[in-house]
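Asks: So the sequence lines, in the order shown, correspond to chains X and L. All the letters of the first sequence, read from the start, carry residue numbers 731 to 979 under our numbering. All the letters of the second sequence, read from the start, carry residue numbers -4 to 374 under our numbering.
Calculated directly from the structure, the hints in this document are not laboratory data. Remember, it's a predicted structure, so these values are computed and weren't measured experimentally. Glycine is no exception: its CB is placed at the ideal position from the N, C-alpha and C atoms. It is possible that part of the hints are untrue.
Partner residues are not named here, just some residues of chain X that face chain L (Cβ under 10 Å, in silico) [stated by the list, open to error]: (1) R815; (2) R816; (3) L819; (4) A820; (5) G823; (6) P833; (7) Q839; (8) W847; (9) G848; (10) G883; (11) R929.
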Amino acid sequence: MSETSKPTLQADALEHSFGTGESRVDVLRGVALQLQPGQITLLMGPSGSGKTVLLALLSGLMRPRAGQVTVLGQNLWRMSDGQRRRFRLAHFGFIFQASLLFPGLTIGQQLEMVLRWGDGMSISAARPWIKTALERFDLADKHDRFPEQLSGGEKQRVGIARALIRHPDVCFADEPTASLDWGHGQQVVAQLVTTARERGTSVLLVTHDIRLAAFADRVLYLEDGQFTNQPHAAVLGSAELPQAQGNNV
Amino acid sequence: MYSHRPYALTILWHERKRYLPAVLAVTFSTVLIGLQGGLLLGQVVYSSFAIDHTSADLWVVPPDANSPMLAEPVPESWLLRLASQPEISRAEVYYLGQGHWHKPGTGAREACVVIGSRLDDDSLGAVHQMSPAMRTRLTEPGTVAVIAADLPTFGLENADGVGAEINGQRVRVVGTISGFRGALYPHMFCSLETARRLFPTFLHPLTSFVLARCRHPQDVPVLAARLREAYPDMATYTTDEFSVRTRNYWLFRTRLGTVLVCTVALALLVGGVVTSETLLAAVRASLREFALLDAMGLPRLRLVCLVLAQSWWIGLIGVLFALPIIFILAQAAEWTNTHVLLTPALLVGTPLVDLVLAVLSGVAALRSLREAEPGVLLR
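Just chain L, same shape as in the assembly (with noise of 0.2 Å):
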């Protein structure tokens, strides 16, 4: 009979009709926030994929390179440079360049990146997810693997053999990749031979980097340092360092880092104003309750802190019901081949500021406190 549930609980939920708004404007906020920043944070991570799937330690690319797809050809005798490093047990050459897919059957071009790579098994520039077997199809000058998903957008059902066009060159599809996809454009993998054979003029310029890498992994960031000083004409990244330079320039450059401050400053407006309202409408509905209380002489802070217990309250059901739907509208995206990545961070995070917003609101309620003096009882 006498269990003890929090007041400002039990006014929530007597009074749920009243809260129902600003509980759903959290919710709104939080799904907002979580699926915008999840979304982005797929695709900045896609931006980066071809770098961070591979087993080269450093890169070196023309000094102005911000994105693979947007360098321009470094000279082969770079190559030279790192090969005669010491610390490098292994240098090679890797080739990216951006091509046109001439669909099978229609004839429509889509725009795709081209990535030419060695393919033994000590490969630097062959990303991981590339077995064995398909590098040893990859050989076969002429032909290329499309990532999967990629498969409705170049036209194609399947990957058995199926011929095309890419630059108005002959290609043969031996296989698909899984496991990621580009940020942008649909990537297709190839060798370095057959990347050359694709870009054979400069109206389609092919981006070329050299890959090393290093005996020992202490040694990478040291020599990084030693070879941006010794060859100012060249930029040398380490692996995370060109992975973070990348996803940076998707994300400022590009201003989708813009989109979702947008997003984020309207959905914690949308959720702040509607939070805050409910609050104030509920503390004057309520003000000669709060006026008695004062006129009884109980403490001011414990009113103030049962308004924001409310707002507390609101905040934290508002997030707890905005998670399940976070995952599954992830889930929804990802049928539809959209990556959306949660991280542990973004789940935390959203959640917070959604929190700290809504007890703000309460904050800003209070000034409807200030109405519950006593002389409302007088009246």
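The shape of chain X in the complex, shown without the other chains (with noise of 0.2 Å):
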């Protein structure tokens, strides 16, 4: 994907911090960045370095001290609540650490709950778009199960299906493959990038693995709020460092 091309999500200067007065913590400072349409971008740092707070702010779930978001070219901090709660319904999917199955549901009633309560759609509608998603995530035999009865890889892909499932325009994953071995996480991750490359979904992948820049297409290190060139040694371990490309810097 062109870096030229009208980016997805744009973020300027934005600016957060926790507290007031002298216990007040900066936690972004002038942060900058644009997400392309069907790029995979890496967000890594150390704890602490503002990474979940960078991924609240962009998408909509935690208002900025300063700075803007604008989304397919829409100032989303501009928007009301209830404007922005549907927009974050029509745009945004996500990903977090725990895949945050309902236990008591199964995994077609997973994938279904999203499709009638955000889209509307009708029980016989959904079957289509649940029976793709489960093939897509090699879930097929899985539509009845509920989640105790699957492995922790299988629970990440069926939250993964559920996040991609309406085509999301931007994906937000925090630490998706935190609670999976090595193995597993690949190839979730794998099935989150093919999916998303497919579909033109722009994706931000918080995390602190840094082998899994191998699937990026661009990696930015955050630390102390701001973007840089020269990530701390621990975000890295013995890893290669790839080539940081954060806009702000």
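Reconstruct the complex from the two isolated chains, following the hints.
Replies: Right under this line is the structure:
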């Protein structure tokens, strides 16, 4: 995907802090970035560097102290709460470290719920979508299983299928492989990346695992609330350093 | 493969161990309210059986009479007041007294109610359950009939002419009547003459009423109103009015109604608290899952409806468990001669009350859903 194509998401001069007065802690300081359609962006940084906060600001879950986030040409933080909620529903997908599946619902119902409640689909209209999603993530035979009957990797694939089933424009993934071993984590991210590229979904993947850089189109390193070209060694371990491509550095 | 099941029901079934206490609480609440209500209705209906099962249209009693057992005797001259009304086809006296039954053999005493009435075919005071043959036998002075269910209370094995004493007067039991029993005391029936013999002194006062029947049923309320206006010293009721007055007396003045209200409140409290707390814990256990749906922007109303649907299913399953239990326990109570009256209103009203209770418990549990905001995913 060309760097010059119109970005799906653009953030400018994002600042955020917690507390006030002397106890104020600046978490983000003038961060700017772009997410391109179909591009996988890895966001790395040590604990407390502000990765999760940045994800929350970009996805409309937390209001920044300053700066703006524009998604598909619309300023996210000029919308009302209701508009932003509907915008998230229409354009965003979310994946977290835990698969966050309701233990009492079958895998099919976890996906069906999103389609019915999110798009008002009828059950019969949702069926082909669910079938396609489960087949894409090698879960075709798991439709009637409950989460407890699935392995950790399978559960996370259901979580990804749920995030992508409605074809979001942007997918935010916060440590999606943190609870998986490398083999399963690699498999899960490979399927996420393949699906995102095919559909032109922009993916922001927050992770501590430098090995995932192999799947990314670019890697951003966040330290002390700013992007840097010289990541902290603790972030990288012994892995080879990919070239940082943050927009504000 | 793709058959649809309601999400709330699937969750309930899959996590049934978690939700079982709530279902059982609703069941307990429904059984308690239904049975207690049925027991009370049974007693209240019995309290007016001697009014409901007669052929009288009008009851003339002293103004302060709330119940047949608690009324003062009325002047027998009132009989003439009624007999002189053109709408009335028949008027007669009816006796009711509370006496002491001396059990045969042991001599132990048992409080009882004696009802004396005319016994001819057109009698207004004789209960319908009394057969013509029985009425004929009771015309012999000193004979009484008892309610079959009361035989053990009277210390009798059968009613085949066995002798006993009431208020020190000899009587002979010549038969039994089935189909009902007294609310508080065992009842027996006899002729007017026998009743007067059994209550000869002020030590054992005998209450008297005047009963009347109208030629045309449509005249009854009009005549009752006219008599009330013409004779303010005597209280005139239609049979239905006096029955309701008697039942209300038993229900409210004897605090039986208060007992019912307290029982219902207790049952609802237990059912409501357990259901609400169970749902609250269940929502909290899935707080992050709810938070994810919230982050995705799914309508919050859907999440609310999911919790309420769970409470609805808990209520429905709870009352479905409860209904057969109510029937079984009511039948068991009948075997011990305790009447449980399960009216259609009670059988519909009790489950409805508990369904509302369950849904309200769901509403109370919604407060935990407020904690399910995306922030919990970012910690």
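Asks: Mind listing which of the numbered hints don't hold for this structure, in increasing order?
Replies: Structure breaks hints 10 and 11.
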